[in-house]
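Colleague: Sequence:
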Amino acid sequence: MLKKFLLTCISFFSSIIFISAQDWKTYPYHPIGSSIHFPTDEGRHPTEPTEWWYTNAQVKGNITGNKYSIMLAYFYYPTFLIDGFRVFNIANETLNQFYTQTLYCNYSNLANDHLHIKAQPVGSIEEEWTTVLDSSGKLEPFEYYIFAVSHFGEIKARINAVKRPLIMGGNDFVYQGTSGYSNYYSQTMLNLTGTLTLNGITESITGTAWVDHQYGKMKSVIDEKYEWFSIQLSNGMDLNIWTIFYGQNQLPNTSNYKICGIHISELKDTTISNFNLTRLKYSFMPNSAFCYSQQWHFVWEGIDLIITTNQNNCEVLSPVRFYEGSTTIQGMVDGVPVTGIGFAELLHPYENPKIKFIKTTGNRISNDSIKIVWELLNPDEGRPIFYDLEFSNDNEITFIPIVQRLTNTSFDWDSTGSEAGSSSLLRVTGYSIDGTLRGNDTITIGTEKNETVIQPDFYLMQNYPNPFNYTTFIKFNLPQASKVNLSIYNSLGELIIVIADGEYEVGVYERVFNASELASGIYVYVLKAAKLVLRQKMVLMK
Numbered sequence: 040m041l042k043k044f045l046l047t048c049i050s051f052f053s054s055i056i057f058i059s060a061q062d063w064k065t066y067p068y069h070p071i072g073s074s075i076h077f078p079t080d081e082g083r084h085p086t087e088p089t090e091w092w093y094t095n096a097q098v099k100g101n102i103t104g105n106k107y108s109i110m111l112a113y114f115y116y117p118t119f120l121i122d123g124f125r126v127f128n129i130a131n132e133t134l135n136q137f138y139t140q141t142l143y144c145n146y147s148n149l150a151n152d153h154l155h156i157k158a159q160p161v162g163s164i165e166e167e168w169t170t171v172l173d174s175s176g177k178l179e180p181f182e183y184y185i186f187a188v189s190h191f192g193e194i195k196a197r198i199n200a201v202k203r204p205l206i207m208g209g210n211d212f213v214y215q216g217t218s219g220y221s222n223y224y225s226q227t228m229l230n231l232t233g234t235l236t237l238n239g240i241t242e243s244i245t246g247t248a249w250v251d252h253q254y255g256k257m258k259s260v261i262d263e264k265y266e267w268f269s270i271q272l273s274n275g276m277d278l279n280i281w282t283i284f285y286g287q288n289q290l291p292n293t294s295n296y297k298i299c300g301i302h303i304s305e306l307k308d309t310t311i312s313n314f315n316l317t318r319l320k321y322s323f324m325p326n327s328a329f330c331y332s333q334q335w336h337f338v339w340e341g342i343d344l345i346i347t348t349n350q351n352n353c354e355v356l357s358p359v360r361f362y363e364g365s366t367t368i369q370g371m372v373d374g375v376p377v378t379g380i381g382f383a384e385l386l387h388p389y390e391n392p393k394i395k396f397i398k399t400t401g402n403r404i405s406n407d408s409i410k411i412v413w414e415l416l417n418p419d420e421g422r423p424i425f426y427d428l429e430f431s432n433d434n435e436i437t438f439i440p441i442v443q444r445l446t447n448t449s450f451d452w453d454s455t456g457s458e459a460g461s462s463s464l465l466r467v468t469g470y471s472i473d474g475t476l477r478g479n480d481t482i483t484i485g486t487e488k489n490e491t492v493i494q495p496d497f498y499l500m501q502n503y504p505n506p507f508n509y510t511t512f513i514k515f516n517l518p519q520a521s522k523v524n525l526s527i528y529n530s531l532g533e534l535i536i537v538i539a540d541g542e543y544e545v546g547v548y549e550r551v552f553n554a555s556e557l558a559s560g561i562y563v564y565v566l567k568a569a570k571l572v573l574r575q576k577m578v579l580m581k
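In our numbering, the protein residues as written are 40 to 581.
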């Protein structure tokens, strides 16, 4: 009897907790501490300049057994006679196939009081994302119908939220980057049922989805690129992770540039920015043009996760190039193993390291210690670089290691073992943690006593970012003191502005160019120094 009584009590209190946890599954619903009211704030916000509705899903075909991942997003971003654009992707993960289509579109309906999108993509048929109505015409809280079509296929699906919305920032308002802001919520777990057509084959699908909705003044992705992740863990936790890059590939450790919303349980959420996210692997896309990170290590308190992309070919080419694909998660939460699924949206590409020797000093005749110094010309805090130093005495036929996996950009070489009084070729090779991204430079050490190797050549780096919106950085090196003039010209050869003029000492310099008053187009920046003239092109896109 006691056992039966205890089980009855457990069942009773579990029912109370379940009912409490489901108190959100109704309209209207207002999360405490936020400014969001459902269903009103699921619709369009006319006072905000930019808005988007986004969903991703991982599903299984009930006929083929294939695993699919899907992404669909509608952007309100008016330009000229167009209201915005739509991005629609389908990946057949079983066959490692990826299909994507971006179309400009106008909206015949963007409801202000609930979610109801009717989009007319250019050259296609009308699509819809709307809140489901019950038999009496009332809104079904947090249940939606989606229909989208492209040249490769279509989706018709119903998604039903099973967890309360995750309010980013705790109060739905977050600053993003230097001057952007966003009202932001996520629906981190929705059950999906429907049909998928791909390459002429239609089958029913089931799976899970994720929904994001943002509205505000978001900084252009041309200026500040980011990496974003949605994560759904097997223990019921969900994570929404943002990291935004600033300036010359910097990752500021502030909440404007790092934010993670965590759905811990139906009764507890939190937003944090003091997490660590380390990139472990990189991969070039099939056309070898862009390289994105493909594996990450996320750590915060008791959460320790490895995030890995499922495919390396999921690149969207318009309106800007970015990676959008599903992920698999493995790790631990408070010492307990977890698995999970998710998505990664990556707008930050990675470059091979560009390395230049700066100088070497020392006495090769008596095999004294030689100071070797080099510079990484394109640093990126998302791509730490390791360095190997080698030397060759046989015209680069063989190289002998000096030191490996350095993280500093200088080294004191005890040249014992090399041929005193001879000429050697030094090579420094820089590489990412997984070796995918690589670059090197070489320099010859002669036989002069107490020599100092001549500084590298004059160089004018490609501006970063490029293309850019409003501001960009221009970097140049002077191997000798000289008079310098750095000027910007338009495509007609007309002088726009002089951003550096005067006598400069030896060194590496960086200048900021602000083009906020200029029109979009191609511009040329010209460096004149020591009777040399160097030119580079840059693209301003607003």
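A hint or two may mislead.
[Stated by the list, open to error] Only pairs whose alpha carbons sit at most 30 angstroms apart, straight line, appear in this in silico DSS-like list of lysine-lysine:
{"hint": "1", "residue 1": "297", "residue 2": "177"}
{"hint": "2", "residue 1": "393", "residue 2": "157"}
{"hint": "3", "residue 1": "398", "residue 2": "522"}
{"hint": "4", "residue 1": "567", "residue 2": "395"}
{"hint": "5", "residue 1": "576", "residue 2": "393"}
{"hint": "6", "residue 1": "195", "residue 2": "177"}
{"hint": "7", "residue 1": "106", "residue 2": "157"}
{"hint": "8", "residue 1": "195", "residue 2": "395"}
{"hint": "9", "residue 1": "64", "residue 2": "99"}
{"hint": "10", "residue 1": "514", "residue 2": "297"}
{"hint": "11", "residue 1": "256", "residue 2": "395"}
{"hint": "12", "residue 1": "398", "residue 2": "567"}
{"hint": "13", "residue 1": "106", "residue 2": "177"}
{"hint": "14", "residue 1": "320", "residue 2": "99"}
{"hint": "15", "residue 1": "567", "residue 2": "522"}
{"hint": "16", "residue 1": "157", "residue 2": "307"}
{"hint": "17", "residue 1": "99", "residue 2": "256"}
{"hint": "18", "residue 1": "398", "residue 2": "410"}
{"hint": "19", "residue 1": "514", "residue 2": "567"}
{"hint": "20", "residue 1": "395", "residue 2": "410"}
{"hint": "21", "residue 1": "393", "residue 2": "297"}
{"hint": "22", "residue 1": "297", "residue 2": "195"}
{"hint": "23", "residue 1": "570", "residue 2": "522"}
{"hint": "24", "residue 1": "297", "residue 2": "320"}
{"hint": "25", "residue 1": "570", "residue 2": "393"}
{"hint": "26", "residue 1": "195", "residue 2": "393"}
{"hint": "27", "residue 1": "570", "residue 2": "398"}
{"hint": "28", "residue 1": "395", "residue 2": "177"}
{"hint": "29", "residue 1": "64", "residue 2": "177"}
{"hint": "30", "residue 1": "395", "residue 2": "307"}
{"hint": "31", "residue 1": "320", "residue 2": "177"}
{"hint": "32", "residue 1": "514", "residue 2": "410"}
{"hint": "33", "residue 1": "395", "residue 2": "576"}
{"hint": "34", "residue 1": "307", "residue 2": "64"}
{"hint": "35", "residue 1": "393", "residue 2": "522"}
{"hint": "36", "residue 1": "320", "residue 2": "514"}
{"hint": "37", "residue 1": "410", "residue 2": "393"}
Simulated from the structure, these hints should not be mistaken for laboratory data. Here the structure is a predicted model, which is why all the values come from computation and not from measurement.
Colleague: Starting from the hint list further up, note which numbers the structure goes against and sort them upward.
Modeller: 1, 2, 8, 11, 13, 16, 17, 22, 26, 28, 30, 31
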